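Respectively, the protein sequence lines represent chains Y and P.
Under the numbering used here, read the first sequence as residues 1 to 36, first letter to last.
Under the numbering used here, read the second sequence as residues 37 to 408, first letter to last.
Hints in this document: simulated from the structure, not taken from any laboratory.
Source: prediction; values computed, not measured.
Backbone N, C-alpha and C define an ideal beta-carbon position, used for all residues, glycine too.
Treat the hints with caution; some may be incorrect.
Anything over 12 Å on all C-beta distances counts as not near chain Y; from chain P, calculated [stated by the list, open to error]:
hint	residue
1	R174
2	A383
3	V384
Some chain Y residues close to chain P (C-beta under 8 Å, calculated; not the full set) [stated by the list, open to error]:
hint	residue
4	R9
5	A13
6	V15
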Amino acid sequence: MKLLERAARMALAFVLMNYAAVAGLFRAARGRRVWR
Amino acid sequence: METLFWISVGLIAYVYVGYPALLELSACLRGFGHLRGEPFTLATRTRRLRATAQWPRAPQLPGVSVIVAARNEARRLAARIDNLLACDYPADRVEIIVASDGSTDDPAAALAPYGRRVRLLLLPRAGKASALNAAVLRATHPIVVFADARQQFAPDAIRRLVAPFADPQIGAVSGELMIDGTGSTIGDGVGAYWRYEKWLRRREAILDSTLGVTGAIYAMRRWLWQPLPVDTLLDDVLGPMRVVLRGYRVVFEPAARAYDSAATDAGAELRRKVRTLAGNFQLLAYEPRLLVPGVNPVWLQFMSHKLGRLLVPYALLAILASSAVLARTSGIYAAAFGAQVCFYGLAVYGAWLDRRTRVTPDAVPEVFREAA
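One chain only, chain Y, in its complex shape:
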């Protein structure tokens, strides 16, 4: 069960990382402030 949970969190981190690249492109294109 622990192994499954760990794999699930790793999978989530991978998906988030890649989703962030898409969201980052849109934010950069819109010139929206994403920090401070």
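Starting from the known structure of chain Y, arrange chain P on it as the hints suggest.
Below, chain P without anything else, positioned relative to chain Y:
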């Protein structure tokens, strides 16, 4: 559709397997200078990659200006300054500058006990890049060390960080950020990703230069600093890449360590990654020379590591869509589609776990919370 599938698979395989394998091979063959020339065996390969680079010994330690850019970090400043003062670097060769970016929590009061040992710059709120520009302008020593308010340095971190500058070809040095994932709901994933990144950086540095540095601990020759545009998102990538474009190396010194915790949930980590990846697109807008082979000394590394990583999500979507369409035509595509469904299902389960064990807002670092 089959072509789309296999090109996308090829791209992802190159970014996550091919390029690291190429780096590994090149780094093994090159290794650090003092280990070159040995016959290549598995034992020497391990020695070459594990060896800490031996930099020329400088006649005396250079003066260092440590810059801490902060906004509303007064509650952390005392611990941060105590930590810097406890480093084993000669006190008469260090100046500490705290650049406060429009803080409203009275950083002057927090730093009052340190008197003249700390210079506080009270700046109007204009962003981290402006704060760094102002601080470097006022720095007096030839080497500037950049740090955040949150992390802690190892006692020998500054000494280790400046050692490579004895080589005149070194323009900037990245230290190593050690992340404690306990308390994080996705610490395993973040930690694994960070270990992978450091693995790549170490090999890229052996070959020539790393692509960016660790914002929590890095150093640069002051005269190589070029003022950053005020809206810069990734000062720790744009600054070092400009150093590389000027013909100097940016290396990774894993013995110079800073410590931090990854006490963050998936939402906070996502906002941080969006900022980072938006910053990579911004980097291309500010320095399009990075895309030109010959002009960028680390062009292949940049295209494979940075640009390739930006293209991977679209390749993932293409694989999902094309394998769904092709699933009825061949067992290979059906298996690929099934594997992806399982993987994304696992990620959904991970998101559910994250919701169930979400950390409190106070545990999320300031810069992460403000990244929304």
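Which of the numbered hints above does this structure break?
Violated hints: 2 and 3; rest satisfied.
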